[in-house]
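A.B. asks: Just so you know, the protein sequences line up as chains A and B, in that order. My numbering numbers the first residue of the first sequence as 121 and each following residue consecutively. My numbering numbers the first residue of the second sequence as 334 and each following residue consecutively.
Treat each hint with caution, since some may be false.
[To be verified] Partial chain A-side listing against chain B, Cβ under 8 Å, derived:
hint, residue
1, D158
2, K172
3, I176
4, N195
[To be verified] Calculated lysine to any residue pairs in the SDA-like style (CA-CA distance at most 25 Å, straight line):
hint, chain 1, residue 1, chain 2, residue 2
5, A, K160, B, Y358
6, A, K160, B, N345
7, A, K172, B, A334
8, A, K156, B, L352
9, A, K164, B, V416
10, A, K161, B, N388
11, A, K160, B, A441
12, A, K161, B, L421
13, A, K156, B, K355
14, A, K187, B, D428
15, A, K160, B, V416
16, B, K410, A, K191
17, A, K191, B, A334
18, A, K161, B, D387
19, A, K129, B, S431
20, A, K129, B, R444
21, A, K160, B, G433
22, A, K164, B, H408
23, A, K160, B, L352
24, A, K156, B, F430
25, A, K191, B, V416
26, A, K161, B, G386
27, A, K160, B, P373
28, A, K164, B, I384
29, A, K160, B, I384
30, A, K164, B, D428
31, A, K156, B, S419
32, A, K156, B, V416
33, A, K164, B, P412
34, A, K129, B, A334
35, A, K164, B, A441
36, A, K161, B, T443
37, A, K172, B, S359
Quick caveat, the hints were computed from the structure, so don't treat them as lab data. Quantities reported herein were computed from a predicted structural model and do not represent experimental measurements. Ideal placement from N, C-alpha and C gives every residue a C-beta, glycine not left out.
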Amino acid sequence: DTAVSQTPKYLVTQMGNDKSIKCEQNLGHDTMYWYKQDSKKFLKIMFSYNNKELIINETVPNRFSPKSPDKAHLNLHINSLELGDSAVYFCASSQEGADTGTGELFFGEGSRLTVL
Amino acid sequence: AQSVAQPEDQVNVAEGNPLTVKCTYSVSGNPYLFWYVQYPNRGLQFLLKYITGDNLVKGSYGFEAEFNKSQTSFHLKKPSALVSDSALYFCAVRDPFSGGYNKLIFGAGTRLAVHP
Numbered sequence: 121d122t123a124v125s126q127t128p129k130y131l132v133t134q135m136g137n138d139k140s141i142k143c144e145q146n147l148g149h150d151t152m153y154w155y156k157q158d159s160k161k162f163l164k165i166m167f168s169y170n171n172k173e174l175i176i177n178e179t180v181p182n183r184f185s186p187k188s189p190d191k192a193h194l195n196l197h198i199n200s201l202e203l204g205d206s207a208v209y210f211c212a213s214s215q216e217g218a219d220t221g222t223g224e225l226f227f228g229e230g231s232r233l234t235v236l
Numbered sequence: 334a335q336s337v338a339q340p341e342d343q344v345n346v347a348e349g350n351p352l353t354v355k356c357t358y359s360v361s362g363n364p365y366l367f368w369y370v371q372y373p374n375r376g377l378q379f380l381l382k383y384i385t386g387d388n389l390v391k392g393s394y395g396f397e398a399e400f401n402k403s404q405t406s407f408h409l410k411k412p413s414a415l416v417s418d419s420a421l422y423f424c425a426v427r428d429p430f431s432g433g434y435n436k437l438i439f440g441a442g443t444r445l446a447v448h449p
């Protein structure tokens, strides 16, 4: 069983389109994340949800909108895609709460987005 | 600002030789430190962490890391490298201002190449 699964794995689209990436975890974790890895492999956090509540929101353009329908799912919707959005987007989860944030992250396999 | 530095883009080592991948950090307060490994076209996998206690921590696949507070370092080590260890290695520190959640700040990554 895949612990953290993302779909689609590859996504090629035109500038200006809107696209979504879905993430599901079956680990029973309370907290989920979206990270972006650029072409130089640099990783940066975008968002985090704890039990459906947004807890981390980095300086990400508001074209990016995360949605968490329940604690096992965290989706990422991107409006008006730009060339610079091309990257690998990783979903992750961890079991933690306030003052217990020492657990490791479990990552999905990534969704490679290419904007043409 | 909190940060992690991995001074080497790539480390080359012969199979059977010891390996070291370097990491230094800058963070307020006591650091929570992590190492992750990324194989090609895969998500990141947790290797080990330092929260408190013994400065030498052991992790998966025979890896270990030594926390050195005076040098603000957390170098990853393995006594005998395997070709299968070839991958991209990330050092990370937890942002101390993330409300106890696992907002990790990653280094730029170091590519480890183990030659037969």
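A.B. asks: Hint by hint, say whether it matches the structure.
C.D. replies: Here's how the hints hold up against the structure:
no.: 1; hint: D158; result: violated, 10 Å
no.: 2; hint: K172; result: violated, 14 Å
no.: 3; hint: I176; result: holds, 5 Å
no.: 4; hint: N195; result: violated, 17 Å
no.: 5; hint: K160(A) x Y358(B); result: holds, 20 Å
no.: 6; hint: K160(A) x N345(B); result: holds, 19 Å
no.: 7; hint: K172(A) x A334(B); result: violated, 29 Å
no.: 8; hint: K156(A) x L352(B); result: violated, 29 Å
no.: 9; hint: K164(A) x V416(B); result: violated, 29 Å
no.: 10; hint: K161(A) x N388(B); result: violated, 29 Å
no.: 11; hint: K160(A) x A441(B); result: holds, 8 Å
no.: 12; hint: K161(A) x L421(B); result: holds, 9 Å
no.: 13; hint: K156(A) x K355(B); result: holds, 23 Å
no.: 14; hint: K187(A) x D428(B); result: holds, 23 Å
no.: 15; hint: K160(A) x V416(B); result: holds, 23 Å
no.: 16; hint: K410(B) x K191(A); result: violated, 36 Å
no.: 17; hint: K191(A) x A334(B); result: violated, 31 Å
no.: 18; hint: K161(A) x D387(B); result: violated, 31 Å
no.: 19; hint: K129(A) x S431(B); result: violated, 29 Å
no.: 20; hint: K129(A) x R444(B); result: holds, 23 Å
no.: 21; hint: K160(A) x G433(B); result: violated, 29 Å
no.: 22; hint: K164(A) x H408(B); result: holds, 21 Å
no.: 23; hint: K160(A) x L352(B); result: holds, 23 Å
no.: 24; hint: K156(A) x F430(B); result: holds, 20 Å
no.: 25; hint: K191(A) x V416(B); result: violated, 39 Å
no.: 26; hint: K161(A) x G386(B); result: violated, 31 Å
no.: 27; hint: K160(A) x P373(B); result: holds, 14 Å
no.: 28; hint: K164(A) x I384(B); result: holds, 22 Å
no.: 29; hint: K160(A) x I384(B); result: violated, 29 Å
no.: 30; hint: K164(A) x D428(B); result: holds, 12 Å
no.: 31; hint: K156(A) x S419(B); result: holds, 23 Å
no.: 32; hint: K156(A) x V416(B); result: violated, 28 Å
no.: 33; hint: K164(A) x P412(B); result: violated, 31 Å
no.: 34; hint: K129(A) x A334(B); result: violated, 34 Å
no.: 35; hint: K164(A) x A441(B); result: holds, 10 Å
no.: 36; hint: K161(A) x T443(B); result: holds, 10 Å
no.: 37; hint: K172(A) x S359(B); result: violated, 31 Å
Hints 1, 2, 4, 7, 8, 9, 10, 16, 17, 18, 19, 21, 25, 26, 29, 32, 33, 34 and 37 from the list above are not met by this structure, while the remaining hints are.
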